[in-house]
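Please build the complete structure, drawing on both the sequences and the hints.
Residue numbers (full-length UniProt numbering), protein chains in the order written: chain X, 1 to 241; chain H, 1 to 241; chain C, 1 to 241; chain S, 1 to 241; chain W, 1 to 241; chain V, 1 to 241.
Mixed in with the good hints, there may be bad ones.
Pairs count within a copy or across copies, as identical chains cannot be separated in the list.
What the hints assert, rightly or not - Simulated pairs of lysine-lysine, DSBU-like, Cα-Cα distance not exceeding 35 Å:
#1 53 to 83
#2 238 to 83
#3 150 to 53
#4 53 to 106
#5 238 to 160
#6 106 to 83
#7 238 to 106
#8 53 to 160
If you're looking for bench data, these hints aren't it; they were derived computationally from the structure.
Just so we're clear, the structure is a prediction, and the values are computed from it rather than from any experiment.
Number of protein chains: 6
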Amino acid sequence: MSRPDDRAPDQLRPVTLNRGWTVHPEGSVLVEFGQTRVLCTASVTEGVPRWRKGSGLGWLTAEYAMLPRSTNTRNDRESVRGKVGGRTHEISRLIGRALRATADLKLLGENSIVIDCDVLQADGGTRTAAITGAYVALHDAVHWLAGRRKLAGSPDDVLKRSVAAVSVGIIGGEPRLDLCYEEDVVADVDMNIVCTGAGDFVEVQGTGEQGVFSRDELNALLDLGIAGCLELTELQRKAVA
Amino acid sequence: MSRPDDRAPDQLRPVTLNRGWTVHPEGSVLVEFGQTRVLCTASVTEGVPRWRKGSGLGWLTAEYAMLPRSTNTRNDRESVRGKVGGRTHEISRLIGRALRATADLKLLGENSIVIDCDVLQADGGTRTAAITGAYVALHDAVHWLAGRRKLAGSPDDVLKRSVAAVSVGIIGGEPRLDLCYEEDVVADVDMNIVCTGAGDFVEVQGTGEQGVFSRDELNALLDLGIAGCLELTELQRKAVA
Amino acid sequence: MSRPDDRAPDQLRPVTLNRGWTVHPEGSVLVEFGQTRVLCTASVTEGVPRWRKGSGLGWLTAEYAMLPRSTNTRNDRESVRGKVGGRTHEISRLIGRALRATADLKLLGENSIVIDCDVLQADGGTRTAAITGAYVALHDAVHWLAGRRKLAGSPDDVLKRSVAAVSVGIIGGEPRLDLCYEEDVVADVDMNIVCTGAGDFVEVQGTGEQGVFSRDELNALLDLGIAGCLELTELQRKAVA
Amino acid sequence: MSRPDDRAPDQLRPVTLNRGWTVHPEGSVLVEFGQTRVLCTASVTEGVPRWRKGSGLGWLTAEYAMLPRSTNTRNDRESVRGKVGGRTHEISRLIGRALRATADLKLLGENSIVIDCDVLQADGGTRTAAITGAYVALHDAVHWLAGRRKLAGSPDDVLKRSVAAVSVGIIGGEPRLDLCYEEDVVADVDMNIVCTGAGDFVEVQGTGEQGVFSRDELNALLDLGIAGCLELTELQRKAVA
Amino acid sequence: MSRPDDRAPDQLRPVTLNRGWTVHPEGSVLVEFGQTRVLCTASVTEGVPRWRKGSGLGWLTAEYAMLPRSTNTRNDRESVRGKVGGRTHEISRLIGRALRATADLKLLGENSIVIDCDVLQADGGTRTAAITGAYVALHDAVHWLAGRRKLAGSPDDVLKRSVAAVSVGIIGGEPRLDLCYEEDVVADVDMNIVCTGAGDFVEVQGTGEQGVFSRDELNALLDLGIAGCLELTELQRKAVA
Amino acid sequence: MSRPDDRAPDQLRPVTLNRGWTVHPEGSVLVEFGQTRVLCTASVTEGVPRWRKGSGLGWLTAEYAMLPRSTNTRNDRESVRGKVGGRTHEISRLIGRALRATADLKLLGENSIVIDCDVLQADGGTRTAAITGAYVALHDAVHWLAGRRKLAGSPDDVLKRSVAAVSVGIIGGEPRLDLCYEEDVVADVDMNIVCTGAGDFVEVQGTGEQGVFSRDELNALLDLGIAGCLELTELQRKAVA
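Written out as structure tokens, the structure reads:
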């Protein structure tokens, strides 16, 4: 059984991290995992929300959204529906947690960074691509702050670790790395793995979409996911070099 | 280092599953994990939403909410704020997925079951208590349908497996089962584990709230969680016996 | 013509007032009028809303809601619909007015008390049960404040009078006290009466649901309602003794 | 103690009922109670809402709103705030119940009538003026239907009784009829009375805004209110003659 | 081809500007363009929104809305639908821009004026009638401020120019001034022209509703519109004289 | 006085029309006017909204939105705020009208096309760039339908004319074509002109942002705008050749 794009089970799609893709944000990265294309921007503002003032801590949050026709069929805009959907909420929160795990908010000082991840084209793995790209946008925003002497520490200390993410899943009994949409919809188990550059876990989310999964299957997926994240980490390092 | 209520690290809080706690729903269970108290009701309606008609499949969904003063300080009502929050969305979706993993929607026939999990009192682990109680409410609703000969299969076939859930976490380096609120807020890693009665995974969600976690730590948490779910499964079996 | 539960026309259902039913709120009462079951909590916060600061007056407000399956058939959540319905608004305002009639807001000092009345199970008379239980929760919250020396007067002066409420109605020409749901839906006239412990009126709301009513009928209903409220007052006194 | 406009305690303000005030609606009445000015329109559509189809019953409902600067200081629009407030909901429901008490929905046939009561200028008693004017607009709409032979009975049978409403209150110990705003804000007791043309009650709503009220005070207010409603009934009769 | 009301192509409908139509607002004008009837009120508050404080500039904004049955068939209330529609937004913004073009916000001082334009009856041209009436309400509000010595300049300097508006359109090849509804719905081109009293443009909005239009047609419409605005300016001058 | 990018007053910015920029939509164009970058997608569905069924007419509508950090400072998402803003509504409606002017909805048959214009990067003229790009996306969607034999006419008859748009304005007395953001904010007059390929007007919207404008100034702007639209038309022709 071969994959739709003939990849090996443990092979990532071609990944690109295009920095400075738009000119206004302090960090702006177009990340591509195959046909999945997400624009990740980091917006810096001095100061923090009112309830956090005087805490000495920075503020780092994320929002995820899909363009209405980023997918195969058009989805109504959440602005028109008048509310943010459950899936959107869930992914925004995941991205925010992942990025906060990388940063020392004390050393960030009382600055706010909002990460926006807007899916321009979706082909599976949008949330993991978003995390992987958002880290690079965050990196650039932190260095932007450093250049203006706004940080309470060096950028390397503010970003105490890097973070990358990838999806893994089991299709027809085979564990696979970095599922495209066609694989995602038929996967028996679907897991998103967020790792630091050192290979530790930041977040592990596995779901038996169509069934359940054993401890052995979980272990196989974790192996694939950690290896994938380490590859992505390498690409991030090259991108910001 | 002892736990706030002197439990062993691998010990559940006292758990009760009180069936028929309210009279109107087809299934109604007050579940308690220590001081955490969640009312889980299952509401049956004949027929399915319009877009699903003629599919031959049933519909099973879940909603979670907290009473405004179920917690230590009062939270504004989501109805008054005019929108469902991200955390609420996330947990409702988790409960729905967990329950759908137990049921054969084809054998359920074109019937709808809505599970409501309302937290009357919160002390950590509300989502896992909700799943554990909701399964029993679902069980009763399915048998209610069986009694009216509305199922397309036997209730045992409709509910092809049971499901239970528990939280685990690492506090001060120690992996612990079934965190209460006081533990939850200081945990370095927080994980929710949803297992079938056979000990397979339905869902695994681990987050390094205050940091990151290693493969070994993950394994220790999984061991604790599986054991806890099996204990809960036994309590569910007794409750419905 | 007998009542569904064989009560006399002027007989209340069994009423219980269970104090301290949950542990977090400063006042927490589970009130039962027969099968109607409402959780009334009183949440204290120091200070008052910004627009009221410096007024020397406290703030006392109430919110009412029903769990989705507290009734015979499930109602959609108002949080999911994104707005509070007219009936909910109306009852929340009624409860708030009733409780504010009991309290001297000047002596309460600049403290806020929010009363939440959540219907866990509905069988008619939820708003009157809510008022009756909420008074006891308010009583406990005021004494909690007294214990922390936060009041500008004694608790007995802050709560200058007690308040209780009951529904009355005319079914098939017969005036009856404390209607259950089965009676409520067929009543020609439906009236809610809120009285002080001294038998004065705080609020009278009568509606000819299916018709109109004469002055004599109104008088008969008022007689029943006042007597019922005095009985409830006695139960409140015992509960807080 | 004299009234702001030197009326006797049992005297209505000058009341006008201006039929056909706008050209589009099937009934359109500008009602004035002194400076209170409400535009009441009745909009007829053939057919009833989907869930009521085939019932053989008509549908009659009401909506109340205030223009933003109908009052002394400007209120934000509910459309801009994105939700209907509690007071608006409460009054809309009151008007709807009052009008439904006049009509035989079976004889109305499967037609829908929506009554809109928009306050152009407010000076107390807007809800009672609205009911009094809305009855005349409803009358005209029913006759409009009769003219098109759309009713299942004669217009006199469809409108089996008339309805009028007035506010009463106690100011400084004195019961007064038809309070203007200046009186309304200082009233100890505030009551709205809705009566049929025959002097029966449709709705009685009394509130001890600043205190409580005795049975004798209630009786004095009812006397005033019934007399006021009968006067208004006479004005309605003349208006539609 | 004659017009529905036999006007000449370059003839306005009868226009009235009724000042002081309601008593509460600082400016209140009922404007009529034939059967189109709009209540324009100007509400003054001292001070400006928080973000504008200390700027030395006043604040002037406008809101437009239609009563639900101002039109031929009833429209749902935007408050009930929970959101302001696109057309309403668009017209509110147009009115606000037109009025701000008349005023020197520096000389207005840190005062806020909100213009509300509520359509009581619609027969085409509601937005242009609203602008024409709103200018007079604004005039009265500015003079009200002058009377209280709240302006930073003379009222004539604050209102540095007047503004009036009219619709024009092409029906069956003929350019016409001030379209009524019956003409509006069949117009091939529809244009709203907002002019100062000196005949300069403040805003020009032309749309080929059913088609496109040439430069010559545009010029013919502009000629008509400017002449119409100058006539309206004259009526405004008389109204405030 | 030179322009920020040294263009001549009647010179467009570099314009590109990148077809097929994303893979899912039936038409997908990335349009650039200098640094302004808008993704225009056309989504086809068979059938029309329910209320239009059986009319024999197609349905063509548009939605415009900006990514939160497409601008110099971040704007909150409209989905998070829970409502679509006035400016967004206004522009969406403008784009929809412009595109409907190009199409024969009868020949389109009962098919629906939704045009989404999402601003990825903003530097003035986003609405005119959107219209210019959206026409090309619409063109591709119509040909997609033609290829599936779903049209009731030839694609050339369905798209009876092309449409393009450009902004013009007066800065410091000088009329200029295609304003960038830096010019837009200081313009005394701002006008958007939408023309057909034949140079007829579809829409003309001129506003005296900071003042008023004369007939001569209007004419100068129209001359510039028509010429600019004809240049854009030529670029559209090349793009779809």
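These are the hints, each one checked on the structure:
no. : hint       : verdict
1   : 53 to 83   : both (29 Å within a copy, 26 Å between copies)
2   : 238 to 83  : neither (39 Å within a copy, 41 Å between copies)
3   : 150 to 53  : both (16 Å within a copy, 28 Å between copies)
4   : 53 to 106  : both (13 Å within a copy, 33 Å between copies)
5   : 238 to 160 : within (18 Å within a copy, 49 Å between copies)
6   : 106 to 83  : both (33 Å within a copy, 32 Å between copies)
7   : 238 to 106 : within (27 Å within a copy, 50 Å between copies)
8   : 53 to 160  : within (23 Å within a copy, 41 Å between copies)
Consistency with the previously given hints fails for number 2 only.
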